[in-house]
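J.: Residue-level listing of the chains:
Number of protein chains: 2
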Amino acid sequence: MRAISAKPIGIFDSGVGGLTVARSIRKELPNEDIIYFGDTARVPYGNKSRETIIRFSKEIMEFMMSRKVKMVVVACNTASSFSLANLQRSYPIPVVGVIKPGVKEARRLSRNGKVGVIGTKSTISSRAYEKELARSAGRSYSLYARSCPLFVPLVENKLVRDQVTYRVAEKYLKPLRGKKIDTLILGCTHYPILKTVIGKVMKGVMLVDSSLAVAKEVRRILQRDGLLSGHVKKRGKMTCFVSDDPGSFRDFSGIFLKEKTRVKKAVL
Amino acid sequence: MRAISAKPIGIFDSGVGGLTVARSIRKELPNEDIIYFGDTARVPYGNKSRETIIRFSKEIMEFMMSRKVKMVVVACNTASSFSLANLQRSYPIPVVGVIKPGVKEARRLSRNGKVGVIGTKSTISSRAYEKELARSAGRSYSLYARSCPLFVPLVENKLVRDQVTYRVAEKYLKPLRGKKIDTLILGCTHYPILKTVIGKVMKGVMLVDSSLAVAKEVRRILQRDGLLSGHVKKRGKMTCFVSDDPGSFRDFSGIFLKEKTRVKKAVL
Chain A
1 MRAISAKPIG IFDSGVGGLT VARSIRKELP NEDIIYFGDT ARVPYGNKSR ETIIRFSKEI
61 MEFMMSRKVK MVVVACNTAS SFSLANLQRS YPIPVVGVIK PGVKEARRLS RNGKVGVIGT
121 KSTISSRAYE KELARSAGRS YSLYARSCPL FVPLVENKLV RDQVTYRVAE KYLKPLRGKK
181 IDTLILGCTH YPILKTVIGK VMKGVMLVDS SLAVAKEVRR ILQRDGLLSG HVKKRGKMTC
241 FVSDDPGSFR DFSGIFLKEK TRVKKAVL
Chain B
1 MRAISAKPIG IFDSGVGGLT VARSIRKELP NEDIIYFGDT ARVPYGNKSR ETIIRFSKEI
61 MEFMMSRKVK MVVVACNTAS SFSLANLQRS YPIPVVGVIK PGVKEARRLS RNGKVGVIGT
121 KSTISSRAYE KELARSAGRS YSLYARSCPL FVPLVENKLV RDQVTYRVAE KYLKPLRGKK
181 IDTLILGCTH YPILKTVIGK VMKGVMLVDS SLAVAKEVRR ILQRDGLLSG HVKKRGKMTC
241 FVSDDPGSFR DFSGIFLKEK TRVKKAVL
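So the protein lines, in turn, are chains A and B. When we follow the working numbering, the leftmost residue of the first sequence carries the number 1, and every step to the right adds one. When we follow the working numbering, the leftmost residue of the second sequence carries the number 1, and every step to the right adds one.
The reader is advised that the hints may include incorrect statements.
Mimicking DMTMM-like on lysine to aspartate or glutamate, the simulated pairs with C-alpha atoms at most 20 Å apart in a straight line are [as the list claims (entries may be wrong)]:
| no. | chain 1 | residue 1 | chain 2 | residue 2 |
| --- | --- | --- | --- | --- |
| 1 | A | Lys171 | B | Asp162 |
| 2 | A | Lys114 | A | Glu130 |
| 3 | B | Lys58 | A | Asp245 |
| 4 | B | Lys264 | A | Glu51 |
| 5 | A | Lys121 | B | Asp251 |
| 6 | B | Lys158 | A | Glu170 |
| 7 | A | Lys264 | B | Glu51 |
| 8 | A | Lys158 | B | Glu170 |
Non-contacting residues of chain A with respect to chain B, defined by C-beta distances greater than 12 Å in every case (computed) [to be verified]:
| no. | residue |
| --- | --- |
| 9 | Ile4 |
| 10 | Gly138 |
| 11 | Thr196 |
| 12 | Val201 |
| 13 | Arg219 |
| 14 | Gly254 |
Simulated from the structure, these hints should not be mistaken for lab results. Model, not experiment: these values are computed from the prediction. Glycine included, each C-beta is placed from N, C-alpha and C at the ideal position.
Working from the sequences, and respecting the hints, build out all of it.
T.: Right under this line is the structure:
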């Protein structure tokens, strides 16, 4: 029988965005095998309801359990906002989301205690970031939240440095600039791709790409539970599954993952 | 037993967009009952593959059959492009798409034989409009096609007359302006909402909103098959079903339908 520690880490997202998280985990833990699931037939999640997101997340968890993963990373802010607690209660393996690590990192960075967060409509309306910040002990912070629903379609249409994207960013971020935040959490896995544009509009503000913090959290939990892969020399395998055609995911994954990967179809 | 003619017309779309078609059918045939299905849990369709769209369309057809509709209107250009022939082969009731009526109307309007069509990525890549135009007898036309993938998210985020939308329209439509088309098919049910902006950029070009032509086609087929509703005095009932939360669909439907409607949830 295969030792639990030798089993893969499962990572899921509504589509390609979660590959930014996968990439950070690959860097932090290069020996781990990874099973990635992108729900490309039902993407995006960011404008859908709590109930629907929980239903989709559970279907993906069942897929992950059938692939015998040792841990699951919910690499999607919307799914983390709505379904993380539910998944943690319902499954016997560790389930890690992206909200808590992002908040932790923002607390570490902010000097003036004014933190911004941007995300999809659903993520922002869930108030998951506010709740997480309220839960953490110590100094109190002011949080300013803003949804940026066009950022995902802009990235998915490869308008990463386009004038249109710059204008949309201006429109969304102006109110946050007025709040004098010094730290901004990029609360959606697509947003790190727009770092340049967001950075221009929010000059002088520190941008938190939660994927790095998530990778560290994954290492911490695997270590705590004695589940780190024993392979010290071998580079871990990564396999992606998608619910729509693998072709366009394959074409697109490079922007996010910066390496080639196997992509297969899996209808849930 | 209820006469077939007294049964409702089924209309489906990936989301709210098809309500522009429902509205035209309500105007053309006010006595007909209507069952509308919007697949809001899996919206949008416009960037998904042929195989996935056919799978979704068949699931919705099964729902329509269970509601005992006398006819189905595929009020989504992407679903019409990919799955219409398949549905027409597989079901014993008339199934009407939006491509053919749109092409017919464009042929009627165009003076110089140069016609443009805009649609989602999937609709344009399917070449359904080219094929339909090639099938029609008579004078030959030149067709210029262009995908406008950001138009749907712009409408869904209510940026209908925003400066950003105007810029995006300029970007997408400039190449069509260069082709000297005199007629432009709005090949996506969301696009009639952007008529003002599109009309500004394409000054002097006739815009084809296929929903009117579809409504006429629906009347023609019901008449031909003796299926027009016998109710001459009563206003037909309309019920909408959606796969995600009814709340946001309800809020949003007014822009498209211009009347209040009942909305229920139906997970397929």
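J.: Indicate, hint by hint, whether the structure satisfies it.
T.: So, going through the hints one by one against the coordinates:
Note on Lys171 (chain A) and Asp162 (chain B): the hinted pairing holds, with a Cα-Cα distance of about 11 Å set against a maximum of 20 Å. Proximity of Lys114 (chain A) to Glu130 (chain A) is assessed by CA-CA distance (about 12 Å); at most 20 Å being required, the pair is judged to hold. At most 20 Å may separate the alpha-carbon atoms for a hinted pair to count; Lys58 (chain B) and Asp245 (chain A) meet this at roughly 17 Å. Taking the CA atoms of Lys264 (chain B) and Glu51 (chain A), the gap is about 15 Å. The hint holds against a cut of 20 Å.
Proximity of Lys121 (chain A) to Asp251 (chain B) is assessed by CA-CA distance (about 15 Å); at most 20 Å being required, the pair is judged to hold. Proximity of Lys158 (chain B) to Glu170 (chain A) is assessed by CA-CA distance (about 17 Å); at most 20 Å being required, the pair is judged to hold. Straight-line distance between C-alpha atoms of Lys264 (chain A) and Glu51 (chain B) comes to about 15 Å, which keeps the hinted pair within the 20 Å bound. Annotation: proposed proximity of Lys158 (chain A) to Glu170 (chain B) holds, straight-line Cα distance about 17 Å (limit 20 Å).
For Ile4 (chain A), the non-interface assignment is confirmed: its Cβ lies about 34 Å from the closest Cβ of chain B, beyond the 12 Å cut-off. With 12 Å as the threshold on Cβ separation, the claim that Gly138 (chain A) sits away from chain B holds: the shortest Cβ distance comes to roughly 37 Å. At roughly 19 Å, the least C-beta separation between Thr196 (chain A) and chain B is larger than 12 Å, which holds for a residue marked as non-interface. For Val201 (chain A), the non-interface assignment is confirmed: its Cβ lies about 14 Å from the closest Cβ of chain B, beyond the 12 Å cut-off.
Every CB of chain B lies more than 12 Å from the CB of Arg219 (chain A), the least distance being 35 Å, so the non-interface label holds. With 12 Å as the threshold on Cβ separation, the claim that Gly254 (chain A) sits away from chain B holds: the shortest Cβ distance comes to roughly 18 Å.
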